[in-house]
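Construct the complete structure from the given sequences, taking the supplied hints into account.
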Amino acid sequence: MQLAYYPGCSLKQSSALYDVQSRRVFAELGVTLQEIEDWNCCGATSAGKVDDFLAVAMAARNIGIAENSGFAEMVIPCSACYSRTLVAQQRLADDPALQQAVNGELRRPVRGGLKVTSILEALVERVTAGAVAQQAVLKFRDLHPVCYYGCMLTRFPYRVTVSDSVENPHGMETILEAIGVRAIDWNYKTACCGASAAVNDPQTAMNLMGRIFQDAVARGANCFVASCPMCQMNLDAHQETFAAALGLPQRLPVYFITEVLGAAMGIPPEELQTDRHFIDGTDLLKELEPHEHDAD
Amino acid sequence: MIEAALQFQPTEARTFLQEVAARSGQNLAACYQCRRCAAGCAVGDETGFVTPNRLIRMVMLGDRDQALSNELVWRCVSCYTCGERCPNDIQTARITETLKKMAKEEHVPALQPKVAHFHDAFLESGVRWGRVNEMEFMGAYEMKNAFLEARRFRFGAIMSEIRQQMRLGLAMLRLKRMHMGFLKSGGRAEIQALRRKSQAARAAR
Ligand code: SF4
Ligand code: SF4
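Protein chains in written order, with this note's numbering: chain R, 25 to 320; chain U, 26 to 230.
For the record, the hints were derived by calculation from the structure and aren't laboratory data. Be aware that one or more of the hints could be misleading.
[Unchecked claim] Chain U stretches covered by chain R per the calculated footprint, using a threshold of three residues with CB under 8 Å from any CB of chain R:
| id | region |
| --- | --- |
| 1 | 85-93 |
| 2 | 106-114 |
| 3 | 122-133 |
[Unchecked claim] Pulled a few chain U residues facing chain R out of the computed Cβ check, cut under 8 Å:
| id | residue |
| --- | --- |
| 4 | 79 |
| 5 | 210 |
| 6 | 211 |
All figures in this text were calculated on a predicted structure; none of them were measured in a lab. Virtual Cβ for every residue (Gly too), placed ideally from N, Cα, C.
Take a look at the structure:
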């Protein structure tokens with residue numbers, strides 16, 4: 025099975041490991057993620073703060089490419105890209121004049137009908153179909169994660185329809201359950217990490233991340249699992265700073281959902297590039313044993 | 026007499042409210058000050074007095090100066106919690122985004138210049154190349170910051186910023202999380218045409 029795939033800029037740069045892992049894990053599940061050709065930056069949150077029309081138009085061009093290449097569904101791992109694309113699609117559908125204005129400049133105009141899917145939605149679908157459990161040959165011995173969703177995947181600046189709960193999403197927990205991992209319940213799964221504030225307003229971002237970290241530690245988690253490259257990078261790269269500011273000695277690796285899944289599927293850590301984290305998490309991911317599938 | 030926290034500007038009130046409502050797509054007048062937004066605001070500790078509901082009231086009262094330059098407008102992280110929970114479906118992040126744009130157009134100095142520099146540099150990179158190159162855009166962003174600090178003769182601030190970014194940069198290099206190639210999309214001509222269209226529409230307004 026082939027699905028259109030929009031990696032976005034960060035998966036081609038600082039979060040290249042996420043790109044590698046996503047393709048690999050989906051391949052294992054029998055899905056080829058086909059990168060759409062000549063895609064462009066979605067505009068991220070910045071476009072909305074600088075130029076409203078571009079915020080829709082940039083994401084629209086990618087939708088047009090996917091549709092005109094004959095795809096019915098496009099998977100997007102990055103939460104910000106997913107949010108921008110989903111919102112742009114809805115705004116175009118609600119505003120024919122806007123759609124006309126945007127399409128006027130596009131070589132491959134938006135026609136409508138493409139299903140825009142987050143990586144979690146695409147994975148949950150495969151959990152429901154039984155494919156994930158089937159591929160999970162190994163079981164973690166000592167993984168006690170909290171699932172961190174952040175903002176972009178859960179809340180939107182415009183009315184769109186999504187499958188998961190807004191205040192208490194469960195997609196990641198569902199996926200982890202399929203490989204025998206029980207995630208710890210906690211209060212900060214949809215809290216904000218500060219996103220770009222980590223760069224342009226560090227004081228605010230460190231406070232936000234400090235609170236997230238504190239709750240994870242208090243619940244006894246030994247790692248985070250995330251699906252957004254921005255959240256992952258923030259909690260990972262700045263953990264030394266905000267954890268030290270709180271006087272907390274713990275350091276928790278921040279995994280992508282794909283590397284946890286990949287490890288359970290028996291994909292070697294080198295192939296998953298798990299050594300590219302700021303907070304080292306390679307050991308914990310190696311604590312695996314063969315999965316004893318239930319006798320029934 | 027106690028001095029009022031917010032100023033009513035009768036001549037400004039109607040036009041300012043209409044402008045912000047139209048540009049943000051939010052019906053500010055529906056706000057009944059229940060403060061659900063304030064209770065959940067991610068940056069409540071940082072912004073102090075100016076909560077989302079109070080920002081809305083500022084706009085409604087026509088207090089343009091305060092509305093364009095306050096902690097919430099410049100510290101809002103666009104987490105959309107306020108809008109998700111608002112019983113009247115008001116998305117304050119769309120309002121803070123609108124006020125940032127208006128501040129820029131009216132040459133009101135940004136309270137957090139780095140926030141403005143960041144989003145400008147990001148979008149410039151995306152429009153110029155079709156894709157955002159992290160290193161190029163971070164460089165442009167730091168140049169904007171350094172330029173402003175230099176104009177204020179704050180060279181210490183420039184140095185500490187460089188040191189901080191270098192530390193992160195080196196760690197990223199070690200972890201192979203820094204990309205050395207250059208990203209481009211052939212679609213950048215289309216994106217640039219779209220931007221010209223947007224600018225023309227703005228000029229016409
Ligand atoms: S939640 Fe909505 S109605 Fe209530 S104070 Fe905030 S903006 Fe106004
Ligand atoms: S979107 Fe902005 S104003 Fe609204 S809760 Fe988040 S930080 Fe506060």
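A quick look at each hint next to the structure:
1. 85-93: violated (count 0)
2. 106-114: holds (count 4)
3. 122-133: As far as the region 122-133 of chain U goes, the hint holds, because 3 residues have Cβ atoms under 8 Å from chain R.
4. 79: Since the shortest Cβ distance to chain R is 18 Å, the answer is violated.
5. 210: Hint holds; residue 210(U) Cβ to chain R Cβ min 4 Å, cut 8 Å.
6. 211: Holds, about 5 Å.
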